[in-house]
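**Student:** Dock chain B against chain A, hints included.
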Amino acid sequence: MTPWLVFAGVLVVAGLCPALVVGARDKALYRLTGLQLAGPVTVLVLIAISAAVGQSSYLIVPLALVLLSYAGTLVFTRLLTE
Amino acid sequence: MDAREITVWVLLGLAAVVVILSGIGLLGAQDTLPRLHFVTPVTCVAAPLTGVAYTVDQGWGIAAGLVMLIVALTAVTGPPLGAAVARAAAHEEDLLPPGAS
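For the record, the sequence lines run as chains A and B. Every letter in the first sequence is one number past the one before it in our numbering, and letter 44, counting from 1, is 44. Every letter in the second sequence is one number past the one before it in our numbering, and letter 92, counting from 1, is 92.
Just so you know, these hints were derived from the structure itself, not from any lab. Each hint should be verified, as a subset may be incorrect.
[Unchecked claim] One-sided and incomplete, this derived list gives chain B residues near chain A with beta-carbon spacing under 7 Å: (1) Val10; (2) Leu12; (3) Leu14; (4) Val17; (5) Val19; (6) Ile20; (7) Leu27; (8) Thr32; (9) Val42; (10) Val45; (11) Leu66; (12) Leu81; (13) Ala84; (14) Ala88.
[As the list claims (entries may be wrong)] In the DMTMM-like style, the derived pairs of lysine to aspartate or glutamate whose C-alpha atoms are separated by at most 20 Å in a straight line are: (15) A:Lys27 x B:Asp31; (16) A:Lys27 x B:Glu93; (17) A:Lys27 x A:Glu82; (18) A:Lys27 x B:Asp94; (19) A:Lys27 x B:Glu92.
In this text the structure is predicted, and so the values were computed from the model without any measurement. We treat Cβ as the ideally placed atom computed from N, Cα and C, and that holds for glycine.
Excised from the complex, chain A in its bound form (with noise of 0.2 Å):
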């Protein structure tokens, strides 16, 4: 087992779970920081899947998340304010 399916295992457990049960959970902008932790998480896991199985043409898609994600949470933050 390579060291990089280790670290996407324990991000999915560490990183993705809290901030999936933080994202489903009380107010709006409460849910928004669990949305905003599962970002940058996703885009690690991605990373180190790419790494793990040796196929650099995977990283198009966390570098596609990272600035998607990015947007979204703005609009979020937006739409939530007004």
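**Tutor:** Structure of chain B alone, referenced to chain A:
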């Protein structure tokens, strides 16, 4: 196991510890503003550590450069997002001074 593999394990372990502590802190915090403090270490510490680990593991090249670009974007976009969410939370809780939009 050579020095390169040990370095990768150590860097990824440090990044994983940062993510674990951030996740625990996020679950324990009770309000929006304290929660934001637990997102920043993931973007500004864990992501660069992962990028360095990738470069050490795979060697310098186009893929490593792309990973460094991704983690740089993650680190750069994290603080503005935190500020935007904090401003929205302050707006909702009427913490902004009069006249601030």
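**Student:** Which of the listed hints are not met by the structure?
**Tutor:** Hints 1, 3, 4 and 10 are the ones this structure does not satisfy, whereas the remaining hints hold.
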